[in-house]
Every structure is written in structure tokens, then in C-alpha cells.
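With the hints as constraints, model all of the structure from the sequences given.
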Amino acid sequence: MKACSGLMLKLFLLWKKIRRNENTLQLAIISRIKMFYRPTNLAMAPEEAPAMLRFRRSGSKLTLINPTPYFITVTNMKAGNSNLPNTMVPPKGEVSVDIPHAATGDISFQTINDYGALTPRIKATMQ
1 MKACSGLMLK LFLLWKKIRR NENTLQLAII SRIKMFYRPT NLAMAPEEAP
51 AMLRFRRSGS KLTLINPTPY FITVTNMKAG NSNLPNTMVP PKGEVSVDIP
101 HAATGDISFQ TINDYGALTP RIKATMQ
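Numbering (the UniProt record's numbering), first residue to last: 1 to 127.
Hints in this document: simulated from the structure, not taken from any laboratory.
Accuracy of the hints is not assured; some may be wrong.
To be verified - Straight-line C-alpha distance at most 25 Å; calculated DSS-like pairs for lysine-lysine: (1) K78 - K92; (2) K123 - K61; (3) K123 - K78; (4) K61 - K10; (5) K61 - K92.
As the list claims (entries may be wrong) - So the derived label-pair ranges between C-beta atoms look like this: (6) L118 - G93: 17 to 25 Å; (7) K61 - A28: 31 to 39 Å; (8) A45 - T125: 30 to 38 Å; (9) N83 - R56: 53 to 61 Å; (10) L118 - A43: 23 to 31 Å.
Where a beta carbon is used, it is the ideal one built from N, C-alpha and C, also for glycine.
Listed below in C-alpha cells is the structure:
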């Protein structure tokens, strides 16, 4: 037992001596990188896509309809004063999100562009 504790003390002192002159910085980063392959012959510029989104309400669901050939990441979405969840709408597809029954008024939202920046706020009407 004594030999074991003596060995542990030696290991501790060795570790302390080795680490004495080292500065370290450890970071834990959670990151999500989206990568899309985009054909060169698409008919429209990606900057035009967000303005083409359409919104259809059915009860407690709001459906975002994307008629464009681009993925559109929607963020900071509101219906009147109600905040709605962020979502990504696939090309030529649609996505439904929950909307409070009390939410009324126009939709306002921003998107994330190809550079990861927020676009200016866009206003749209629910159908």
C-alpha cells in the first residue's frame, strides 16, 4: 500500500513539474456547417428566393411554400407579435410550423444568406 502511494506522489510531482511551464486553452465548440451543391444553370439568383416564399395558414399550422430551386433558412419569423420557430424550407417544397391561434397579421421574417449573414426583414401576407 505504501509503495503504491509513493508511486502516486512521484507521478503527481512529475506531472506538476511538466505542466508548470505550459499554458493551455481548451475550447469546446458545437458548430453546424451546411454545405449545398448548387448547379450553375439555376434560373434565378439566390438573393431573390426569400421574397418568393408564400405562407398559408390552416388552423394551428403555418405552411411555408418555397417555389424556388434554393434551400431557404428562415429565422426571426413573426406573425403579428407572436414569435414563430426557425426553419429551413427545401427547394420546390414546403414546411409547416406551429402558430398560436391568437396570432394574426402579416408575417415578417429574415433569412440566412450564403455567407451566414441575416438578410433585411421581409414582410409577407398569410393566405
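Verification of the supplied hints:
Distance check on the hinted pair: K78 and K92 sit about 23 Å apart at the alpha-carbon level, within 25 Å; holds. With a C-alpha separation of about 19 Å, the suggested pair K123 and K61 falls inside the 25 Å cut-off, and the hint holds. Proposed proximity of K123 and K78 is supported: the alpha carbons are some 10 Å apart, at most 25 Å. The suggested pairing of K61 with K10 is violated, with an alpha-carbon distance near 66 Å, which exceeds 25 Å.
For the proposed pair K61 and K92, the alpha carbon gap of about 19 Å is at most 25 Å, so the pair holds. Range check, L118 to G93: Cβ separation about 22 Å, and the 17 to 25 Å hint holds. Checked against the hint of 31 to 39 Å, the C-beta distance between K61 and A28 comes to roughly 37 Å, which is consistent with it. At about 24 Å, the beta-carbon gap between A45 and T125 misses the expected band of 30 to 38 Å.
For N83 paired with R56, a C-beta distance near 19 Å fails the hint of 53 to 61 Å. Hint check: L118 to A43, Cβ distance near 25 Å, so the stated range 23 to 31 Å holds.
In the structure shown, a violation is registered for the earlier hints numbered 4, 8, 9, in ascending order.
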